[in-house]
Amino acid sequence: MSSPSISVFGLGYVGSVTAAVLAERGCRVIGCDVTGSKVDQINRGEAPIGEPGLNELLRTQREAGNIRATLDVNEAVTDSEISIVCVGTPSSPSGALDLQYVETVSRQLADAIRRKGSDHVVVFRSTMLPGSTRRLAETYFAGLETPFLVYFFPEFLRQGTALEDFRNPSLSVIGALQSGQSLDAVSVILDETTEMVPVESAELIKYACNAFHAMKVVFANEVGRIGKALEIDSRAVMDALCRDSRLNISPYYLKPGTPFGGSCLPKDVAALTHQARKLGVAVPMLDSLMESNRRHLESVLERIEQVGTRRVILIGLAFKEGTDDLRGSAMLELAAQLLMRGFEVKIYDPAVSASNLIGANKVFAHARLPLFETLMIPCLEDAFPDVCDLTLVVSKPCVQIESIESCLQKGGKHHIIDVNGWKNLAGVNAGYEGLCW
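So the sequence shown is numbered by numbering that gives the first Met the number 0: it starts at 0 and just counts up by one.
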């Protein structure tokens, strides 16, 4: 099977690297750009950007006849089977994403594909917010009489190591516009590790990665400023932090779900930010943690109110699984807030026994929820004896699915809010939704 012909629109950092590596893989590549100097450079076998190894690769591929460039969109589309869009998506002065270049290329591509009159594949690599690819496809390509496929293939290329990043990606996902859409047509541009996901997920993954990288830089710098004010070498602090691959540099804590709580995290975040204020050190990201955590809990409350039922069962009360510690428990706070808003609340958590609570754990529980013992139930079936509509808020899998089903068999309209992603819950005969999915 011969390698496909590919047109690459936009010959900047992403486009020129994409074009060069695909030519290296044996594809016949034609680059297209509105800037004549970039087109001329590609046709001379020169890199239009500064990137280690790119100049040599382009020269080699140009000499082999694998790559050329043009200003003509129709020529690029006619001479290719796949078009990859790599034009810029800058920010407007307000911070909003500016898609004018992608819009222009999409319109030109649709016109050229219509003239071409045969099958074509469009792959967007330009970074775009969730929903953009689908909207562009519906706006510009839906009216085409010829078959077409549209994908979103986010790039994770770092300037300075872009060639290696393309050849050996640490993360590779592609979003297909339609579920079940085959990847055969674009297999040549993918890596063997590429995962197919919904197109909106692929778009958000790109933003989540970049926001996470930015957050890590800001976090290290804020810790660094605190360390400097205390005459501590923060480089050594961060080196030690990074050596923990079980909790710190790992997937742990990186799943959307319950707000953080417990006896340590809230207390220590508060102490660290208070110390920073005493030192006159600005740490806006660290300062935002408690407020963001509070707003996440507020989102749970809002969703419960939107469901509309006034009787709520909370499954899981301790701040995490495997403990009876209620200090800083988000679910305890949720119960208190629900009661203040007039809900009837029952709580099930076999790990928590009111008679066994002692010390600070007992003091905290009674301070925030004075009558919490009366809210605890030994089994779900005892929650509300009569037929009624129920909302179950599940934070941990501390009960058998059969018990949940039995509780809901009395009748009424029921809804489950799954806070942390317990897979078996989706099969229960009730309205189901994940808190963040």
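Keep in mind the hints are simulated off the structure, nothing from the lab. Treat each hint with caution, since some may be false.
Simulated pairs of lysine-lysine, PhoX-like, Cα-Cα distance not exceeding 25 Å [claimed, not checked]:
| hint | residue 1 | residue 2 |
| --- | --- | --- |
| 1 | 345 | 319 |
| 2 | 345 | 395 |
| 3 | 227 | 266 |
Quick list of simulated restraints, FRET-style, between CB atoms [claimed, not checked]:
| hint | residue 1 | residue 2 | range |
| --- | --- | --- | --- |
| 4 | 305 | 408 | 21 to 31 Å |
| 5 | 362 | 305 | 25 to 35 Å |
| 6 | 370 | 157 | 37 to 47 Å |
| 7 | 88 | 241 | 30 to 40 Å |
| 8 | 297 | 365 | 53 to 63 Å |
| 9 | 425 | 89 | 32 to 42 Å |
| 10 | 39 | 436 | 41 to 51 Å |
| 11 | 408 | 240 | 41 to 51 Å |
The C-beta atom is built at its ideal place from N, Cα and C for all residues, glycine as well.
For a C-alpha distance cap of 25 Å, please report whether residue 345 and residue 319 respect it. 18 Å, holds
Does the Cβ-Cβ separation between residue 370 and residue 157 fall within 37 to 47 Å? Distance hint for residue 370, residue 157 is violated at roughly 56 Å.
Given the hint of 53 to 63 Å, check if residue 297 and residue 365 actually sit that far apart at their C-beta atoms. 24 Å, violated
Pair hint residue 227 and residue 266, alpha-carbon separation not exceeding 25 Å: With Cα atoms ~22 Å apart, residue 227 and residue 266 stay inside 25 Å; holds.
The hint says 41 to 51 Å between residue 408 and residue 240; measuring C-beta to C-beta, is that right? 50 Å, holds
With 30 to 40 Å as the target window, see if residue 88 and residue 241 comply at their CB atoms. Holds, at about 32 Å.
With 25 to 35 Å as the target window, see if residue 362 and residue 305 comply at their CB atoms. 34 Å, holds
Against the range 32 to 42 Å, how does the distance between the Cβ atoms of residue 425 and residue 89 compare: consistent or not? 40 Å, holds
Is the gap between the beta carbons of residue 305 and residue 408 within 21 to 31 Å? Because 25 Å falls inside the window, the suggested range holds.
Please work out if residue 345 and residue 395 have their alpha carbons no farther apart than 25 Å. Holds - the C-alpha atoms of residue 395 and residue 345 are around 15 Å apart, at most 25 Å.
Honestly, do residue 39 and residue 436 meet the 41 to 51 Å range at C-beta? 48 Å, holds
The structure fails hints 6 and 8 (numbered hints given earlier, in ascending order).
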